[in-house]
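K.L.:
Sequence:
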Amino acid sequence: MKNLLIIDAHPKQDSFCSALAAALYDGARENPLVTVELLKLSDMAFDPILHNGYSVDQPLEADLARA
Numbered sequence: 114m115k116n117l118l119i120i121d122a123h124p125k126q127d128s129f130c131s132a133l134a135a136a137l138y139d140g141a142r143e144n145p146l147v148t149v150e151l152l153k154l155s156d157m158a159f160d161p162i163l164h165n166g167y168s169v170d171q172p173l174e175a176d177l178a179r180a
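When we follow the numbering used here, the leftmost residue of the sequence shown carries the number 114, and every step to the right adds one.
Among the clues, some could well be false.
Ranges of calculated distance between the beta carbons of each label pair, as one might list FRET restraints [claimed, not checked]:
#, residue 1, residue 2, range
1, Pro124, Arg179, 15 to 25 angstroms
2, Pro145, Gly166, 40 to 50 angstroms
3, Glu143, Pro172, 31 to 41 angstroms
4, Ile119, Gln171, 24 to 34 angstroms
5, Glu174, Cys130, 18 to 28 angstroms
6, Ala132, Pro161, 16 to 26 angstroms
7, Glu174, Leu118, 39 to 49 angstroms
Derived SDA-like pairs (lysine to any residue); straight-line CA-CA distance at most 25 angstroms [said to hold, decoys possible]:
#, residue 1, residue 2
8, Lys125, Leu163
9, Lys125, Ala136
10, Lys153, Ala175
11, Lys153, Ala141
12, Lys153, Arg179
13, Lys125, Leu146
14, Lys115, Ser131
15, Lys153, Leu137
16, Lys115, Leu146
17, Lys125, Leu137
18, Lys125, Lys153
19, Lys153, Pro124
20, Lys125, Ala141
21, Lys153, Glu174
These are calculated hints, taken from the structure and not from any lab test. Computed from a predicted structure; not experimentally measured. Just so it is clear, CB atoms sit at the ideal spot from N, CA and C, and this is done for glycine as well.
Sequences and hints are given; from them, build the entire structure.
P.N.:
In structure tokens:
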């Protein structure tokens, strides 16, 4: 069995990139030998700013920890 992770990193949910990711997800799910997961960053709640740079560890928000 193969694992496939599709990451839709476009900030808008109705983008062309999101449509491509959804089409790839739907097509890959038709293969019984593939386990597919779609990760949409637009659905996740997190702060993308590294407030203290790399000098201090910033704890991951719940959505990022799950991803």
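K.L.:
Work down the list of hints and note, for each, if the structure agrees.
P.N.:
Results for each hint:
no.	hint	verdict
1	Pro124 - Arg179: 15 to 25 angstroms	holds, 19 angstroms
2	Pro145 - Gly166: 40 to 50 angstroms	holds, 46 angstroms
3	Glu143 - Pro172: 31 to 41 angstroms	holds, 39 angstroms
4	Ile119 - Gln171: 24 to 34 angstroms	holds, 26 angstroms
5	Glu174 - Cys130: 18 to 28 angstroms	holds, 23 angstroms
6	Ala132 - Pro161: 16 to 26 angstroms	holds, 23 angstroms
7	Glu174 - Leu118: 39 to 49 angstroms	violated, 19 angstroms
8	Lys125 - Leu163	holds, 22 angstroms
9	Lys125 - Ala136	holds, 16 angstroms
10	Lys153 - Ala175	holds, 14 angstroms
11	Lys153 - Ala141	holds, 16 angstroms
12	Lys153 - Arg179	holds, 12 angstroms
13	Lys125 - Leu146	violated, 31 angstroms
14	Lys115 - Ser131	holds, 23 angstroms
15	Lys153 - Leu137	holds, 13 angstroms
16	Lys115 - Leu146	holds, 6 angstroms
17	Lys125 - Leu137	holds, 18 angstroms
18	Lys125 - Lys153	holds, 10 angstroms
19	Lys153 - Pro124	holds, 9 angstroms
20	Lys125 - Ala141	holds, 23 angstroms
21	Lys153 - Glu174	holds, 15 angstroms
Hints 7 and 13 from the list above are not met by this structure, while the remaining hints are.
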